[in-house]
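S.K.: In order, the protein sequence lines correspond to chains A and B.
Residue numbers for the first sequence follow this note's numbering, beginning at 8 and rising by one.
Residue numbers for the second sequence follow this note's numbering, beginning at 1391 and rising by one.
Please note that a few of the clues may not be correct.
Stated by the list, open to error - Think about it this way: if two alpha-carbon atoms lie no more than 30 Å apart in a straight line, the pair counts; the simulated BS3-like pairs of lysine-lysine are:
| id | chain 1 | residue 1 | chain 2 | residue 2 |
| --- | --- | --- | --- | --- |
| 1 | B | Lys1498 | A | Lys263 |
| 2 | A | Lys392 | A | Lys307 |
| 3 | B | Lys1425 | A | Lys40 |
| 4 | B | Lys1399 | A | Lys277 |
| 5 | B | Lys1425 | A | Lys346 |
| 6 | A | Lys339 | B | Lys1425 |
| 7 | A | Lys376 | A | Lys23 |
| 8 | A | Lys346 | B | Lys1395 |
| 9 | B | Lys1425 | A | Lys337 |
| 10 | A | Lys110 | B | Lys1399 |
| 11 | A | Lys277 | A | Lys267 |
| 12 | B | Lys1399 | A | Lys179 |
| 13 | A | Lys267 | B | Lys1498 |
| 14 | A | Lys179 | B | Lys1425 |
| 15 | A | Lys346 | B | Lys1399 |
| 16 | B | Lys1415 | B | Lys1425 |
| 17 | B | Lys1498 | A | Lys368 |
| 18 | A | Lys277 | B | Lys1498 |
| 19 | A | Lys337 | B | Lys1498 |
| 20 | B | Lys1498 | A | Lys339 |
| 21 | A | Lys307 | B | Lys1415 |
| 22 | A | Lys250 | B | Lys1498 |
| 23 | A | Lys343 | B | Lys1425 |
| 24 | A | Lys343 | B | Lys1498 |
| 25 | A | Lys277 | B | Lys1415 |
| 26 | A | Lys346 | B | Lys1446 |
| 27 | A | Lys127 | B | Lys1425 |
| 28 | B | Lys1395 | A | Lys179 |
| 29 | A | Lys343 | A | Lys179 |
To be verified - From the structure, some residues in chain A lie toward chain B, with a derived Cβ separation under 8 Å:
| id | residue |
| --- | --- |
| 30 | Ser17 |
| 31 | Phe59 |
| 32 | Phe68 |
| 33 | Gly72 |
| 34 | Pro76 |
| 35 | Val150 |
| 36 | Val192 |
| 37 | Arg220 |
| 38 | Ala271 |
| 39 | Ala332 |
| 40 | Gly336 |
Hints are computed from structural coordinates only; laboratory data are not their basis.
In this text, a Cβ means the ideal position worked out from N, Cα and C, and glycines have one as well.
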Amino acid sequence: MGEIMRTYESINEKIKAGTVVVVTAEEVVDIVKEIGIEKATKKIDVVTTATFGPMCSSGAFLNFGHTSPAIRMEQVSLNNVPASGGLAAVDTYIGATEESSDKGYEYGGAHVICDLIAGKKVKLEATGKGTDCYPRKKVSREVGLDDLNEAYIYNPRNCYQNYAAAANTTDKPLYTYMGTLLPNVNVVTYSTAGTLSPLLNDPYYRTIGIGTRIFLAGAQGYVAWRGTQFNSAAERDENGIPKGLGGTLALVGDMKEMSKEFIAPAVYEKYGTSLFVGVGIPIPILDEDMMKQVSIGNDKLETNVLDYSVSDGPKPVLARVSYEALQSGKIKVAEKEVKTAPLASLYKARQIADLLKGQIKTGEFYLSKPVQTFDTTSVTKSMVKGADDEN
Amino acid sequence: MMRTKMILKFPNHLTNNPITYDLIKKFDLRLNILKADVNYRLEGYLVFDIDGNSGKIAEALEYLESVGVDADLITNTIEIDRDICVNCGLCTSACSVRALHINREDWKLEFTEERCVGCNRCIDVCPTRSITNAMW
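All chains, full assembly: derive it from the sequences and hints.
M.R.: Structure below.
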């Protein structure tokens, strides 16, 4: 690691003084090409990263407040979407992918969360068996975000470091969380935002750790924990970028501060409901090493194209491609030219990176040093083999 | 005489019938196939530009229905609700005529109506459900 030339404290002082220099993770690529690592490190204090992609591992904790007489909510639904009855009397967790009993995956947990953020009322229905302390057995109310005591998004997993692109080698369409994959490798879909993607800019988790303040769907949220399936021991290329999945982040943020501009329900054909979550993460340029990482462009960031027709065992790698090629709209897979299509919105990711840049410059957003950083040795395990497994 | 676009959707068991031939021979229609998509096994469909007598076109529609083909005239294509669309770009994966495409400068979704053949595959693919068609 290079000599420390900047601290969180010195950056925050510059934010306070209004003299901080912030650019986005896209802009920094060209700046470094022009003036080099050394000068760019001296000049730039913070680089903003962002992503706006679908993340199934999303949901929200809600507290409804007590009724009179009180109820212990054991079966809970919001607009007919089941929520957890497994917490205290009027607490619940609603998962983004949970489907409604009347509309199926066309209206799920993600829709409930986004309706609440958009200021709409949702119908809460709950029952309990009735206890001495919670005698009420049934409640039905229209509730809005303002009626709730607490409402916060908790993403057990978001910001996959480097997600694989998807294709289908069979002669039938495949309906997946990577979209509808046309037969005979007629399309490749991909989700990672390339050079804007948070964890591709800090591949060894030097500045993104527990307690890092982030932009989460318009609110100021935090990295709460490592994300589930945190696979930091992934094989890495010469730039330190995981060749495959890599790390993930668990994120938390207040729904009452969120904007419907930066969070949206998603429905994937014959698959289910998911949630687009807008995330922005500022990266402090502590030293030249940090600048080197953030200046890696889409031409040097690569991912695998996997065959999604294989669901038993590891998916075969059909091609290794750069994000520059993926974003160009056409790639080559086994000598064949194939159209690419994104799942995540680069338009929204750019908007978030720009917005966060503005918030830091105007002193609305201060950087926080992680209270605990992540390891680089974790391996994601599969489930133990069972007798009913096919191999 | 009128000129219109027609979409035929047909189940797998009808994919071997010479429906195009019948339309030309029986109803004297001038057909220009804009799109044929039967290999995907999603739902076979054909999209034509049609020149012909309006009465004959109406008879052709009745004939198609009678043999089990779902036929419709395309009077409009799709509509995109820009307030809901997040410009993710997944719809472009379903659009083989490039009516829907992402502008690589600003990464916004663009729709070129003249290219759209009304296949409507994008409607089911769109994750935010911002694409609709008033016909169905």
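S.K.: All hints, please: hold or fail.
M.R.: Evaluated hints:
no.: 1; hint: B/Lys1498 to A/Lys263; in the structure: holds, 28 Å
no.: 2; hint: A/Lys392 to A/Lys307; in the structure: violated, 37 Å
no.: 3; hint: B/Lys1425 to A/Lys40; in the structure: violated, 46 Å
no.: 4; hint: B/Lys1399 to A/Lys277; in the structure: holds, 20 Å
no.: 5; hint: B/Lys1425 to A/Lys346; in the structure: holds, 18 Å
no.: 6; hint: A/Lys339 to B/Lys1425; in the structure: holds, 25 Å
no.: 7; hint: A/Lys376 to A/Lys23; in the structure: holds, 16 Å
no.: 8; hint: A/Lys346 to B/Lys1395; in the structure: holds, 27 Å
no.: 9; hint: B/Lys1425 to A/Lys337; in the structure: holds, 22 Å
no.: 10; hint: A/Lys110 to B/Lys1399; in the structure: holds, 26 Å
no.: 11; hint: A/Lys277 to A/Lys267; in the structure: holds, 25 Å
no.: 12; hint: B/Lys1399 to A/Lys179; in the structure: holds, 18 Å
no.: 13; hint: A/Lys267 to B/Lys1498; in the structure: holds, 18 Å
no.: 14; hint: A/Lys179 to B/Lys1425; in the structure: holds, 19 Å
no.: 15; hint: A/Lys346 to B/Lys1399; in the structure: holds, 25 Å
no.: 16; hint: B/Lys1415 to B/Lys1425; in the structure: holds, 20 Å
no.: 17; hint: B/Lys1498 to A/Lys368; in the structure: holds, 26 Å
no.: 18; hint: A/Lys277 to B/Lys1498; in the structure: holds, 26 Å
no.: 19; hint: A/Lys337 to B/Lys1498; in the structure: holds, 17 Å
no.: 20; hint: B/Lys1498 to A/Lys339; in the structure: holds, 24 Å
no.: 21; hint: A/Lys307 to B/Lys1415; in the structure: violated, 58 Å
no.: 22; hint: A/Lys250 to B/Lys1498; in the structure: holds, 29 Å
no.: 23; hint: A/Lys343 to B/Lys1425; in the structure: holds, 22 Å
no.: 24; hint: A/Lys343 to B/Lys1498; in the structure: holds, 27 Å
no.: 25; hint: A/Lys277 to B/Lys1415; in the structure: violated, 40 Å
no.: 26; hint: A/Lys346 to B/Lys1446; in the structure: violated, 40 Å
no.: 27; hint: A/Lys127 to B/Lys1425; in the structure: violated, 42 Å
no.: 28; hint: B/Lys1395 to A/Lys179; in the structure: holds, 28 Å
no.: 29; hint: A/Lys343 to A/Lys179; in the structure: holds, 18 Å
no.: 30; hint: Ser17; in the structure: violated, 34 Å
no.: 31; hint: Phe59; in the structure: holds, 7 Å
no.: 32; hint: Phe68; in the structure: violated, 25 Å
no.: 33; hint: Gly72; in the structure: violated, 31 Å
no.: 34; hint: Pro76; in the structure: violated, 41 Å
no.: 35; hint: Val150; in the structure: violated, 24 Å
no.: 36; hint: Val192; in the structure: violated, 12 Å
no.: 37; hint: Arg220; in the structure: violated, 24 Å
no.: 38; hint: Ala271; in the structure: holds, 5 Å
no.: 39; hint: Ala332; in the structure: violated, 12 Å
no.: 40; hint: Gly336; in the structure: holds, 7 Å
In summary, the numbered hints that this structure violates are 2, 3, 21, 25, 26, 27, 30, 32, 33, 34, 35, 36, 37, 39.
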